[in-house]
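Student: Fit chain B to the given chain A structure using the hints.
Residue numbers (my numbering), protein chains in the order written: chain A, 5 to 135; chain B, 12 to 847.
For the record, the hints were derived by calculation from the structure and aren't laboratory data.
Even glycine gets a Cβ: it sits at the ideal position worked out from N, Cα and C.
A few of these clues could be false.
[Stated by the list, open to error] Restraint-style ranges between C-beta atoms, simulated for each label pair:
id, chain 1, residue 1, chain 2, residue 2, range
1, A, VAL17, B, LYS158, 36 to 46 angstroms
2, A, ASP112, B, PRO428, 34 to 44 angstroms
3, A, VAL78, B, PRO428, 43 to 53 angstroms
4, B, ASP476, A, ASP112, 21 to 31 angstroms
5, A, SER54, B, ASP476, 44 to 54 angstroms
6, A, SER54, B, TYR765, 50 to 60 angstroms
7, B, SER186, A, VAL78, 36 to 46 angstroms
8, B, LEU835, A, SER21, 39 to 49 angstroms
9, A, VAL78, B, GLU748, 23 to 33 angstroms
10, B, LEU663, A, VAL51, 17 to 27 angstroms
11, B, ARG563, A, VAL51, 48 to 58 angstroms
[As the list claims (entries may be wrong)] List time: in silico DMTMM-like cross-link candidates among lysine to aspartate or glutamate, alpha-carbon distance up to 25 angstroms:
id, chain 1, residue 1, chain 2, residue 2
12, A, LYS87, B, GLU261
13, A, LYS87, B, GLU550
14, B, LYS577, B, GLU844
15, A, LYS87, B, ASP786
16, B, LYS371, B, ASP232
17, A, LYS87, B, GLU588
18, B, LYS565, A, GLU74
19, A, LYS87, B, ASP232
20, A, LYS8, B, GLU373
21, A, LYS72, B, GLU802
22, B, LYS577, B, ASP632
23, B, LYS565, A, GLU102
24, A, LYS87, B, ASP272
25, A, LYS87, B, ASP804
26, A, LYS87, B, GLU844
27, B, LYS297, B, ASP632
28, B, LYS606, B, ASP539
29, B, LYS565, A, ASP112
30, B, LYS565, A, GLU41
31, B, LYS128, B, GLU48
32, A, LYS87, B, GLU373
33, B, LYS41, B, GLU261
34, A, LYS72, B, ASP632
35, A, LYS87, B, GLU229
36, A, LYS87, B, GLU564
37, A, LYS87, B, ASP611
38, A, LYS87, B, GLU811
Single-letter residue listing:
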Amino acid sequence: MKPKLMLGVGAIVLFTSLLMYNFGTSISTYVNFEEAENRTSSHVVGVWDSSQDYGFSRETMQFSFHMKDEDGNVRRVVYPRPKPNNFEQATQLVVIGEMRNNVFYANDMLMKCPSKYNDPSEADFVNAEEM
Amino acid sequence: MEGLIGNLFVTAAFFSALASMILYGIATQKGSSGFIERTADWLWICKGACTIAVSALLVYLIVNHRFEYFYVWNYTSTDLETLYLVSALWGGQEGSFLVWIFMAFLVGLGLIRWTRKPYKKPVMFVMALTQVFLISMLLGWDIFGLKLGASPFRTIAQEMPNAPFIQANPDFVPSEGTGLNDLLQSPWMAIHPPIIFVGFAMMTVPFAFAIASLWEKEYHDWVKPALPWTLAANLSLLTAIFLGGYWAYETLSFGGYWAWDPVENASLVPWLIGTAGIHMMIIQRKSSRAHKGAIFFAILAYIGIVYQTFLTRSGILGEQSVHSFVDLGLYNQLLAFMLTCLLIGIGMYLYRYKEIPSAKTESAILSREFMTFTGGMLLFILGMVIILGTSSPIIGRFFVDHPTPPEIQFYNDWSMPIAIIMALMTVVGQYLFWQKHNWESLASALITPLLLTSVASILSIILGDVRNLYYMVFIFAAWFTVIGNGTMILHLVRKNPRLIGGALSHVGFGTLLLGILASSAYNEVLLDQRMQNYNAMVEAGEVYDEQGFPVREKAETFMLELNSPKLIANRYMVTYEGYSITDSPRPGQQQYRIKFEPVDGGRTFYMNPDVYPMQTTSTADNIEWSVEPHVRTGLLNDIYLYVAGSAYVDELNERARGSRPGGVQPVTGQMESEPSEPENESQTIKFQKEQSVEVGPYRFTFVDFRPASEESLPDNTLIGVRSLVEIYHTPTSSAYEVEPLFAVYTEDGQSWTYSPPLQIDRFDLSVQFTRILPDEDSIELTFGGLKAEYEEDWVVIVAEKKPFVSVVWLGTFLLMAGFSVSILRHWSREKNENQS
Chain A
5 MKPKLMLGVG AIVLFTSLLM YNFGTSISTY VNFEEAENRT SSHVVGVWDS
55 SQDYGFSRET MQFSFHMKDE DGNVRRVVYP RPKPNNFEQA TQLVVIGEMR
105 NNVFYANDML MKCPSKYNDP SEADFVNAEE M
Chain B
12 MEGLIGNLFV TAAFFSALAS MILYGIATQK GSSGFIERTA DWLWICKGAC
62 TIAVSALLVY LIVNHRFEYF YVWNYTSTDL ETLYLVSALW GGQEGSFLVW
112 IFMAFLVGLG LIRWTRKPYK KPVMFVMALT QVFLISMLLG WDIFGLKLGA
162 SPFRTIAQEM PNAPFIQANP DFVPSEGTGL NDLLQSPWMA IHPPIIFVGF
212 AMMTVPFAFA IASLWEKEYH DWVKPALPWT LAANLSLLTA IFLGGYWAYE
262 TLSFGGYWAW DPVENASLVP WLIGTAGIHM MIIQRKSSRA HKGAIFFAIL
312 AYIGIVYQTF LTRSGILGEQ SVHSFVDLGL YNQLLAFMLT CLLIGIGMYL
362 YRYKEIPSAK TESAILSREF MTFTGGMLLF ILGMVIILGT SSPIIGRFFV
412 DHPTPPEIQF YNDWSMPIAI IMALMTVVGQ YLFWQKHNWE SLASALITPL
462 LLTSVASILS IILGDVRNLY YMVFIFAAWF TVIGNGTMIL HLVRKNPRLI
512 GGALSHVGFG TLLLGILASS AYNEVLLDQR MQNYNAMVEA GEVYDEQGFP
562 VREKAETFML ELNSPKLIAN RYMVTYEGYS ITDSPRPGQQ QYRIKFEPVD
612 GGRTFYMNPD VYPMQTTSTA DNIEWSVEPH VRTGLLNDIY LYVAGSAYVD
662 ELNERARGSR PGGVQPVTGQ MESEPSEPEN ESQTIKFQKE QSVEVGPYRF
712 TFVDFRPASE ESLPDNTLIG VRSLVEIYHT PTSSAYEVEP LFAVYTEDGQ
762 SWTYSPPLQI DRFDLSVQFT RILPDEDSIE LTFGGLKAEY EEDWVVIVAE
812 KKPFVSVVWL GTFLLMAGFS VSILRHWSRE KNENQS
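Chain A extracted, bound-state conformation:
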């Protein structure tokens, strides 16, 4: 009984620590563009800067736009896929990728849309009323 119990406890401890270690390494932290400069892979949260040019280039098959992070840094972001649905509507963007020479190369992008089920924002409401 005793050695079996020890074995079991040992296995559980080993499994849990391995799992937690792996979990710890597979999550990362949200940073701003300046901090992203020195990292290989970063998650940056921000909003689309609509005052600058943006668009999908049929030449390079890339979508590029400017994004303002939470600390107000604006950088160009290059995303190697077509412009996602809902891009303009997103209230928040999360880009995942690498910063090189002041350009952020995203290999993934998440958009927080007002809500899947429509947000009751007042701007929305005014629009609906005008219609």
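Tutor: Frame of chain A; chain B shown alone:
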């Protein structure tokens, strides 16, 4: 007025549930007390009647477009079809709670009718307890600033008291609602959520039985009635997961059927824990062991549901999920619900822990008890791993400040080895389940399945060109599950076909594993030659961007121009043949025609993806587009394709931007070096043989090459050829044929081209044969005097070939079938015992 009635019904439902809970509690404590128990039953029915009234009233308000109510205004509009008007009932968070409550009411009715003596009262107590919490989410009370629930009947004035138009006119009623999100206007939406809630409601039953057994100290018999309910709960969850996956794959362009999204995990984890519980209950039922495990998992499965509900609805996951729910401020209530379940469940479990019977002897490794127990534990461990990943916003804080969700790799890395062990164990478990074995007899019984498995695995590895050793092990384990359990089914069918439920589910599990591996690891992005070369260069590190940095992202899209075929993936000639505006089912919807001709001579087929403007989020100066992929389902391969951009969509976007009053004008085509050609000057258009191009009133067709006669050519000509061009003038229905000349000649040691323009006086038009493009198999013609501008028509395509998605569905169906067989078996057994 209706709102007041609605709120009254919600309140009545709340108090009936509360009273019914208290009475069931008293009845349990007092022992036999018929009157109190009957009153509690009636209160439960009263609660149900109120729930039905609330739902009916809400549907009534929705159908009659009463936009003064926030829920109606926010989720519907006058142009919705009736089906979606009704399904808008569960389009929002409040309504989906309502559906959950309603389903729980039906489950409760079943329990009142069928549950046997010692358990019924405490079981119904727990059911009523969960109802009290769920209904409280809809109360919308404001007790001294403490908000309790969000009423589905609140008016827009209550929701947004500070909006300017409400301040100007408090009785303002909008004439139109904002409408149901376009993505939810799908027939799948009408069935997927209700089935989820059936599963959630039924999963309350094992929890209630576990608590009841702890309360009544009756630890043995509870599994008999609880088992069929748990199986049914799992069947519903599985069906809902399947519907959600199919919906995501077929009509939403999520790219696949599973993405480890928190909300998907929210339904998978309770399913895994529930299945773990089923394994424990089966041991308890069969061998009177594992009481502790069975009770523990029955409690945990429901806590899993409440925990995942908390995660997805409290707003905590807002940034991580495609299913972001509106934060209704229910955080504290949801937390209280979860903690109560946890406290009652785990608290009672620990309180009674010593009394719960446990086995005197240990089970041998080669016993059905040990194997089934381990199977349950593995399912539980997998569930815990997924919960850990999904909880990253909470648990990740131990590691970093603002934790991101884990990479997808985390889930794959852990679930794959666990799945392999599970797969191997199902077979050994099934063999031991039906017959006692020692190592020797087990080995001899497994020889045939092992041989067959090896053959199947080797064939799959060779035919599928599998090079990864890990995948080979995975394939072996999956085939072993299918073949081993399949053999067991053959044995059992001869004895009694009703016994095959377990083995059949395991075959489904193995099939699912095969399908998942094939469709995710061997997914192929279909590209044209140019993009393939580009990707090869990216792989070799030879591509650099404007800044001189190496490009590491491979391209996943390719472009097609109208009527100009391209060879895709070295297998298909793919042609974009134009689009039509179908306006169906949504206004402004376009359908594109993409022709696939297999070069090896297979049958030609068409893909018809759709693009449509989102009704609810588009505005006059900013159209938002959504795509509907076309999936061509095949036995071996699915082809999945959608249009990621098109000339038509670009043009409408330009027009919309043009209408923007003084706003910012983003330049979409900034990197396209295509200056728009001014009118009345010459335009050059590329043609392939037999291709037609329409410009303004004309249709030009390049029919074929024609030989050029000697005398028309300059001296020292190297090449000289004419092209036969047909010009059709649509307004006058008149056709002309011209044969412009193209020649290359040498003079003073240099090459020159000679292409004299041909004048068509009647239309004031000139045609010139300006270039031959041998590598593209096409020519260029230059036209002068065209009033209209030639508009290129093109589409950007994303296409993938996903092998054996059909096998994923097949595996799911087999699992469902296995569960169904087990439900029938356990249910009829329970009924027979009840009657005797």
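Student: So, for every hint listed, does it hold in this structure?
Tutor: Against the structure, the hints:
no., hint, verdict
1, A/VAL17 - B/LYS158: 36 to 46 angstroms, "44 angstroms, holds"
2, A/ASP112 - B/PRO428: 34 to 44 angstroms, "25 angstroms, violated"
3, A/VAL78 - B/PRO428: 43 to 53 angstroms, "44 angstroms, holds"
4, B/ASP476 - A/ASP112: 21 to 31 angstroms, "29 angstroms, holds"
5, A/SER54 - B/ASP476: 44 to 54 angstroms, "47 angstroms, holds"
6, A/SER54 - B/TYR765: 50 to 60 angstroms, "52 angstroms, holds"
7, B/SER186 - A/VAL78: 36 to 46 angstroms, "41 angstroms, holds"
8, B/LEU835 - A/SER21: 39 to 49 angstroms, "44 angstroms, holds"
9, A/VAL78 - B/GLU748: 23 to 33 angstroms, "58 angstroms, violated"
10, B/LEU663 - A/VAL51: 17 to 27 angstroms, "25 angstroms, holds"
11, B/ARG563 - A/VAL51: 48 to 58 angstroms, "26 angstroms, violated"
12, A/LYS87 - B/GLU261, "20 angstroms, holds"
13, A/LYS87 - B/GLU550, "24 angstroms, holds"
14, B/LYS577 - B/GLU844, "69 angstroms, violated"
15, A/LYS87 - B/ASP786, "31 angstroms, violated"
16, B/LYS371 - B/ASP232, "19 angstroms, holds"
17, A/LYS87 - B/GLU588, "23 angstroms, holds"
18, B/LYS565 - A/GLU74, "29 angstroms, violated"
19, A/LYS87 - B/ASP232, "59 angstroms, violated"
20, A/LYS8 - B/GLU373, "11 angstroms, holds"
21, A/LYS72 - B/GLU802, "36 angstroms, violated"
22, B/LYS577 - B/ASP632, "35 angstroms, violated"
23, B/LYS565 - A/GLU102, "15 angstroms, holds"
24, A/LYS87 - B/ASP272, "21 angstroms, holds"
25, A/LYS87 - B/ASP804, "19 angstroms, holds"
26, A/LYS87 - B/GLU844, "62 angstroms, violated"
27, B/LYS297 - B/ASP632, "68 angstroms, violated"
28, B/LYS606 - B/ASP539, "14 angstroms, holds"
29, B/LYS565 - A/ASP112, "13 angstroms, holds"
30, B/LYS565 - A/GLU41, "23 angstroms, holds"
31, B/LYS128 - B/GLU48, "12 angstroms, holds"
32, A/LYS87 - B/GLU373, "61 angstroms, violated"
33, B/LYS41 - B/GLU261, "55 angstroms, violated"
34, A/LYS72 - B/ASP632, "23 angstroms, holds"
35, A/LYS87 - B/GLU229, "61 angstroms, violated"
36, A/LYS87 - B/GLU564, "16 angstroms, holds"
37, A/LYS87 - B/ASP611, "35 angstroms, violated"
38, A/LYS87 - B/GLU811, "18 angstroms, holds"
Violated hints, listed in ascending order, are 2, 9, 11, 14, 15, 18, 19, 21, 22, 26, 27, 32, 33, 35, 37; each of the other numbered hints is respected by the structure.
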